[in-house]
Amino acid sequence: MIFPLEANTVWQKSLGLMFVYYMSVIKRGQALFDSVLVQAGAFSVFRKDALLKIGGWAVKQFGEDGEITNRLGRYGYRNELELDSLLYSEVPGSLTHFIYQRSRWSIAFYHARGTNLDVVRKPAEYKSPRALVFLIALLTHGLSFAHGLVLPYIAATFLTGTLLIWLADMPSFLGFAYKFALLQGIIMLVQIAVIAYNLPRFKKLGHIKYYPMLRVMSFVLSTIVRPQALEILLSWSSKHKEYNENAYDELSMEMKKSVDPIGM
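Numbering follows this note's numbering, with no gaps: position 97 of the sequence shown is 97.
Source of the hints: derived by calculation from the structure; they are not laboratory data. Every residue, glycine too, gets a C-beta built ideally from N, C-alpha and C.
The calculated lysine-lysine pairs, modelled on DSS-like cross-linking and capped at a C-alpha distance of 30 Å, are:
#: 1; residue 1: Lys241; residue 2: Lys257
#: 2; residue 1: Lys209; residue 2: Lys179
#: 3; residue 1: Lys27; residue 2: Lys53
#: 4; residue 1: Lys60; residue 2: Lys257
#: 5; residue 1: Lys27; residue 2: Lys60
#: 6; residue 1: Lys48; residue 2: Lys127
#: 7; residue 1: Lys241; residue 2: Lys256
FRET-style restraints, in silico, Cβ to Cβ:
#: 8; residue 1: Ser237; residue 2: Pro212; range: 35 to 43 Å
#: 9; residue 1: Leu86; residue 2: Ser252; range: 28 to 36 Å
#: 10; residue 1: Val190; residue 2: Ala146; range: 16 to 24 Å
#: 11; residue 1: Gly114; residue 2: Tyr22; range: 16 to 24 Å
Take the sequences, apply the hints, and build the full model.
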């Protein structure tokens, strides 16, 4: 399990909850099918002979830990996940720094997945559960855009007066509002249950009070961070017909300029 090395701000404490949920649900689920998609480079040990056999670390690569994790899996190596280990990591201390870091991670997500995209393109890959887990990760990442844009859409319709049209058909509006609230309620209950179940093991149950800030951070990820990363990648990829060293250097410069200027 991963916790912040320093937990002095509300953002750092909230990130601790995010780590608990992600490791306990997402990573644990992937491990059940021997399909862990990212073995964090700072917290993982790789066998030297295995690395040599698959060609070593990729060069000119963002998210190299995610890329090599999937490449090892495609070569038949098993990735073990040890959730009982306790790790401490430096984490952003403010919302601004959180946005910087996660924007960089979002670009690395697409870059690393793109390198191994054959996992879902080649029918033969579906002999392994990794292909399905890989595909689900791509789909859920994309669906988060729609989920994150629902509230901004409602706000926009309110500001433009379109909400009046919705209110004119009150049953339809209330039906939509009910379904949306129900979905959010289910998600929140599951998250709170998972986090509250795991926190006592680490004597941090009191941190559950920061859960509302975790929801704020998730909202920021869906509405600001991921759209920004996707916009940058689409703009960058439109300038290059193929991936090469120059393309990597240009993306690297763009990341340093507008995505993560302080290198969080």
